[in-house]
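Colleague: If you want the building blocks of each chain, they are given just below.
There are 2 protein chains.
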Amino acid sequence: MQFRELMVQNRTRRKFDESRPVDIQILVDLVELTRFIPSGKNMQPLKYIAVADKVQCDAIFPLLGWAGYLKDWKGPADGERPTGYIVVMLDRNLADTPGCDHGIASQSIMLGAVEKGLGGCIIGTVNRKKLSRMLDLSENFDILLVLALGVPAQDVVVESLPSDGSIQYWSGNDGKHHVPKRGLDDLLVGCYPEKK
Amino acid sequence: MQFRELMVQNRTRRKFDESRPVDIQILVDLVELTRFIPSGKNMQPLKYIAVADKVQCDAIFPLLGWAGYLKDWKGPADGERPTGYIVVMLDRNLADTPGCDHGIASQSIMLGAVEKGLGGCIIGTVNRKKLSRMLDLSENFDILLVLALGVPAQDVVVESLPSDGSIQYWSGNDGKHHVPKRGLDDLLVGCYPEKK
Numbered sequence: 000m001q002f003r004e005l006m007v008q009n010r011t012r013r014k015f016d017e018s019r020p021v022d023i024q025i026l027v028d029l030v031e032l033t034r035f036i037p038s039g040k041n042m043q044p045l046k047y048i049a050v051a052d053k054v055q056c057d058a059i060f061p062l063l064g065w066a067g068y069l070k071d072w073k074g075p076a077d078g079e080r081p082t083g084y085i086v087v088m089l090d091r092n093l094a095d096t097p098g099c100d101h102g103i104a105s106q107s108i109m110l111g112a113v114e115k116g117l118g119g120c121i122i123g124t125v126n127r128k129k130l131s132r133m134l135d136l137s138e139n140f141d142i143l144l145v146l147a148l149g150v151p152a153q154d155v156v157v158e159s160l161p162s163d164g165s166i167q168y169w170s171g172n173d174g175k176h177h178v179p180k181r182g183l184d185d186l187l188v189g190c191y192p193e194k195k
Numbered sequence: 000m001q002f003r004e005l006m007v008q009n010r011t012r013r014k015f016d017e018s019r020p021v022d023i024q025i026l027v028d029l030v031e032l033t034r035f036i037p038s039g040k041n042m043q044p045l046k047y048i049a050v051a052d053k054v055q056c057d058a059i060f061p062l063l064g065w066a067g068y069l070k071d072w073k074g075p076a077d078g079e080r081p082t083g084y085i086v087v088m089l090d091r092n093l094a095d096t097p098g099c100d101h102g103i104a105s106q107s108i109m110l111g112a113v114e115k116g117l118g119g120c121i122i123g124t125v126n127r128k129k130l131s132r133m134l135d136l137s138e139n140f141d142i143l144l145v146l147a148l149g150v151p152a153q154d155v156v157v158e159s160l161p162s163d164g165s166i167q168y169w170s171g172n173d174g175k176h177h178v179p180k181r182g183l184d185d186l187l188v189g190c191y192p193e194k195k
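Protein chains in written order, with numbering that gives the first Met the number 0: chain A, 0 to 195; chain B, 0 to 195.
Simulated from the structure, these hints should not be mistaken for lab results.
All residues carry an ideal CB built from backbone N, CA and C; glycine is no exception.
Among the hints, erroneous ones may be present.
What the hints assert, rightly or not - Computed beta-carbon distance windows for the label pairs:
(1) B:D173 with A:D154: 49 to 55 Å
(2) A:G171 with B:Y68: 49 to 55 Å
(3) A:D154 with B:K129: 45 to 51 Å
Take these sequences, add in the hints, and give me the full structure.
Modeller: Rendered as structure tokens:
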């Protein structure tokens, strides 16, 4: 697959086919990918926990915040929930800050997941205190993000921003999730030499 | 190319073949890729400037810090310098913080660059004041990172950490750049169910 195609297919997914669980070995392979990411000062301060166990997944799910712009939707229903998680942590014994390494790592994992037929959501709204306790984390681990993964069960459509410029995503009557994204001319504010 | 192969090929590069300049259209295409990245709250607060013009590249180069661990090396020599740059900025009119979006964006651009036969370096040590002035940035733009790009001219070898656990990269007498990376067992601190 061409890389651009992988980027386009890598949409944030919040509904999954729970009847098709994620294999733990795939999650392990996705963590292994992060061996090869660039890291500020090559510190490599990120650590990971992979979860595909049903009981653990059920315990993690209520500790996550889902889709802030969908006020009437509390997250995926039973049967549509993630079947795997990768918890991304900073090991404070290695560095005081992750810089943007967790963005680099999460995007790498998500792109790798898409190639395997999975999809997911990078979640920053996490009950870190409860999740730390549940995972029995030692004090040097700070939870940065939780990556929710599974076999996607909803189409996602990328579209241009509406005339009012809103970046809020929305669920359509077509059952699809619609996501406004800025165009290239909005992102690229300078170009030397000028683009044609 | 399989995604893991792309991840392995995507090594930080600091020496380039300056006789093979980067086409500005490739940099524009790499910025276009970032339309498709996930963004916290879908804010999409990042903006970009692409530079392939030789005069501008020469002006940007001295504003960057190179390879902190190589004390006797001040950066690539004339003839080995980057021939393109992408400046990654936060537009503070859109968000107060980038979260880790700049990590997501930079990794996406770098992976896209590798597919096109390029390579580069995500640089955080930047003389932001001078670069802002040079690029005549308005006040709402904060420079986050500079991505230096070109046709790679040095082999990079990933290896295990040495026995003393040092993560400092080094230049070998073989002309190659050696980068110690932690192993999977070091990164994955929990796995449910246990991996085989």
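Colleague: Each hint needs a verdict: does it hold in this structure or not?
Modeller: Right, here's what the structure says about each hint:
1. Range check, D173 (chain B) to D154 (chain A): about 51 Å between beta-carbon atoms, so the 49 to 55 Å window is met.
2. In this structure the supplied range 49 to 55 Å holds for G171 (chain A) paired with Y68 (chain B), their Cβ-Cβ distance being about 51 Å.
3. Evaluation of the 45 to 51 Å hint for D154 (chain A) and K129 (chain B) yields a pass: the beta carbon distance comes to about 47 Å.
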